[in-house]
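There are 2 protein chains.
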Amino acid sequence: MQNTLNSIIEPTLLLDEKRCRRNIERMAAKAKAHNIPLRPHFKTHQSHEVGEWFRDYGVDRIAVSSLRMAAYFAEAGWQNIINAFPTNIREIHRINEIATQTQLNLVVEDLATLQFLEKELSHQVGIFVKADTGYHRTGLRPEDFDLIDQLLEYATGASKLQLKGFLAHAGHSYSARGKEEIAQIHQSHLNTFQLYHDRYDGRYPDLVYSAGDTPTCSVMDNFPGISEMRPGNFVFYDLSQWDIGSCELEDIAVAMACPVVAKHPARHEIIVYGGGVHFSKDRRSHPNGTTYYGMLANWENGGWTVNPQNACLKSLSQEHGVVAANEELLEKTKVGDILCFLPIHSCMTANLMKRYMTLKGDWLSMMSYP
Amino acid sequence: MQNTLNSIIEPTLLLDEKRCRRNIERMAAKAKAHNIPLRPHFKTHQSHEVGEWFRDYGVDRIAVSSLRMAAYFAEAGWQNIINAFPTNIREIHRINEIATQTQLNLVVEDLATLQFLEKELSHQVGIFVKADTGYHRTGLRPEDFDLIDQLLEYATGASKLQLKGFLAHAGHSYSARGKEEIAQIHQSHLNTFQLYHDRYDGRYPDLVYSAGDTPTCSVMDNFPGISEMRPGNFVFYDLSQWDIGSCELEDIAVAMACPVVAKHPARHEIIVYGGGVHFSKDRRSHPNGTTYYGMLANWENGGWTVNPQNACLKSLSQEHGVVAANEELLEKTKVGDILCFLPIHSCMTANLMKRYMTLKGDWLSMMSYP
Numbered sequence: 000m001q002n003t004l005n006s007i008i009e010p011t012l013l014l015d016e017k018r019c020r021r022n023i024e025r026m027a028a029k030a031k032a033h034n035i036p037l038r039p040h041f042k043t044h045q046s047h048e049v050g051e052w053f054r055d056y057g058v059d060r061i062a063v064s065s066l067r068m069a070a071y072f073a074e075a076g077w078q079n080i081i082n083a084f085p086t087n088i089r090e091i092h093r094i095n096e097i098a099t100q101t102q103l104n105l106v107v108e109d110l111a112t113l114q115f116l117e118k119e120l121s122h123q124v125g126i127f128v129k130a131d132t133g134y135h136r137t138g139l140r141p142e143d144f145d146l147i148d149q150l151l152e153y154a155t156g157a158s159k160l161q162l163k164g165f166l167a168h169a170g171h172s173y174s175a176r177g178k179e180e181i182a183q184i185h186q187s188h189l190n191t192f193q194l195y196h197d198r199y200d201g202r203y204p205d206l207v208y209s210a211g212d213t214p215t216c217s218v219m220d221n222f223p224g225i226s227e228m229r230p231g232n233f234v235f236y237d238l239s240q241w242d243i244g245s246c247e248l249e250d251i252a253v254a255m256a257c258p259v260v261a262k263h264p265a266r267h268e269i270i271v272y273g274g275g276v277h278f279s280k281d282r283r284s285h286p287n288g289t290t291y292y293g294m295l296a297n298w299e300n301g302g303w304t305v306n307p308q309n310a311c312l313k314s315l316s317q318e319h320g321v322v323a324a325n326e327e328l329l330e331k332t333k334v335g336d337i338l339c340f341l342p343i344h345s346c347m348t349a350n351l352m353k354r355y356m357t358l359k360g361d362w363l364s365m366m367s368y369p
Numbered sequence: 000m001q002n003t004l005n006s007i008i009e010p011t012l013l014l015d016e017k018r019c020r021r022n023i024e025r026m027a028a029k030a031k032a033h034n035i036p037l038r039p040h041f042k043t044h045q046s047h048e049v050g051e052w053f054r055d056y057g058v059d060r061i062a063v064s065s066l067r068m069a070a071y072f073a074e075a076g077w078q079n080i081i082n083a084f085p086t087n088i089r090e091i092h093r094i095n096e097i098a099t100q101t102q103l104n105l106v107v108e109d110l111a112t113l114q115f116l117e118k119e120l121s122h123q124v125g126i127f128v129k130a131d132t133g134y135h136r137t138g139l140r141p142e143d144f145d146l147i148d149q150l151l152e153y154a155t156g157a158s159k160l161q162l163k164g165f166l167a168h169a170g171h172s173y174s175a176r177g178k179e180e181i182a183q184i185h186q187s188h189l190n191t192f193q194l195y196h197d198r199y200d201g202r203y204p205d206l207v208y209s210a211g212d213t214p215t216c217s218v219m220d221n222f223p224g225i226s227e228m229r230p231g232n233f234v235f236y237d238l239s240q241w242d243i244g245s246c247e248l249e250d251i252a253v254a255m256a257c258p259v260v261a262k263h264p265a266r267h268e269i270i271v272y273g274g275g276v277h278f279s280k281d282r283r284s285h286p287n288g289t290t291y292y293g294m295l296a297n298w299e300n301g302g303w304t305v306n307p308q309n310a311c312l313k314s315l316s317q318e319h320g321v322v323a324a325n326e327e328l329l330e331k332t333k334v335g336d337i338l339c340f341l342p343i344h345s346c347m348t349a350n351l352m353k354r355y356m357t358l359k360g361d362w363l364s365m366m367s368y369p
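Sequence order for the protein chains is A and B.
Start counting the first sequence at 0; every next residue gets the next number (numbering that gives the first Met the number 0).
Start counting the second sequence at 0; every next residue gets the next number (numbering that gives the first Met the number 0).
In short, the hints are calculated from the structure, not lab data.
Some hints here could point you the wrong way.
It does not matter which identical chain is used: a pair holds within one copy or between any two.
Straight-line C-alpha distance at most 27 Å; calculated DSSO-like pairs for lysine-lysine [to be verified]:
| no. | residue 1 | residue 2 |
| --- | --- | --- |
| 1 | Lys118 | Lys331 |
| 2 | Lys331 | Lys359 |
| 3 | Lys31 | Lys178 |
All values reported here derive from a predicted model rather than from experimental measurement.
Please put together the full structure from these sequences, using the hints given.
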């Protein structure tokens, strides 16, 4: 197994299938225990092969963040897809293409878009109205109930639109630290959703309430009023989720393997081949107060473990990563070695790397862009 | 020409060839005036087609930031390439492949790497010793002169190595603001380089001193002791370079075209399709004190202009961009419109977008990864 690392010649994103499947299994079990379908967001892994693993845990519906991604997963046979992004009417031809292959669901928050779709669609699509339950990025608020009334009424009467329900994303949970803060955001999100239930469930008894971000779905154990769980990042987790409190370090299922290219003992620095074009420039405050871009993992027995005291990447430029190294690490590390690092934000890192290497040394593909 | 924007359906990186050629021409003219060859760093554009434009201004040598990129440009016929990154010995097979096609130059800062190369190379390569003139990321300092002595001596006596000279990058110029600060960094960099001249030019009379970052090459007009100019970002420039003082807003040659997908008048926000996977998460402090991720450009007559008072992207998530919009912008912008934004860091944006659309609507390709 040690050979996997030996075969690496350049920055390579390692994927530990066992940890990844454990993350999927745990979330699928939680959804099942609450009798809520799990609709994982596939923007994190963007991979046909990783997508297949979810089927082993009963997953039959997914979310994506672009129509390109919807097309990519429709090709792999996914038959129920939400593009969880405000509908971009300029992609109408792509929407019509995808809707011939799969049950495509779109997210809408204005009447003009619904009218445009009704006029231009060649196949029926499902419609989720975007609800803003407190994140304030997109979506309609309880004060917009008049507009929501219009949207629901229009969608119900339209021949090409099938009203599905509400979609919300409590993305402000990403600014939480610890279970208590996550619980507060979760409760306020549930409370807001309840206002939609109160107003609309009588008139529209079959509405789906799709919600779920990785922090609340990982940490909470009460989902009243949620009829579909939609987390994404949990498939891999990362240092941001660890910092929020969504996971343990040992749950993180991806690590970047980077060749060592230089050592600067006087500055206590090791330079690795692995920079912003590999990790992304996402950063985080380390518990010790410094800003960091990744944390060293210890490679042993064909896999990795992590001690939270491990060395960190203290800066990144386009291709360089600078490791803050103590004497011991400097002593045992040679130019030409491979060092592995947990990423700050696995979605952005995967999106840059465009493929994975498993711990057995197999390559897994991802969708390509453009 | 207006039609170019009309054809766009998703986030698209626009490239203004006229501005880009003007940037190349100006830098080539400056290098020529100082009688120094220009060796542009191609990591910014990563494109065969853009690379060809440089030949029109007499450029015959380039720098790249990875061996993959060296291979990509060797394919396009570039015959003198420096991989301006500490040599990664794990890529020795790639080095040997590229060296059959082109005059490949490598950057080294330790003896073990030189010895490894001498043993494993199948073709001769040029060697630049990395000098640290004050940036303190990689390279050897005047206090390392004993080690530099060893490296130069070893390279001179080795059969597969051809000693070329010193390579330095004054990357700390990126933290400067305005000509005066850039000039201070430039002078200190020149002073340090002079110590290498003093010590080595007698023994090694043909040493090349390769240096040059976009701020100093754009702003300064004295390059004593520099025998090769090596800036990269100037081909496009960006808001970071504008903020540093390297360029004017009208020199920036790339802009991201983004479909409008939602409006939130109560929050004075417009949501565009264009997020961290398109722009990168690079950000900057705006002169008005806010943090921003891009600046709105005004589309007119088939191209763009920019007023520094224009609206900015105030946050990015994976696919969403949030524009801080005043009443006037909210009023005139509809869902389905295209808004164009100058990027904070054009290298990172181009690296994510993987292709360009010219103002005429033609696609220009880039190297793909992996």
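Outcome of the hint check:
no. : hint              : verdict
1   : Lys118 <-> Lys331 : between (66 Å within a copy, 24 Å between copies)
2   : Lys331 <-> Lys359 : within (25 Å within a copy, 55 Å between copies)
3   : Lys31 <-> Lys178  : within (22 Å within a copy, 62 Å between copies)
Checked against the numbered hints above, the structure breaks none of them.
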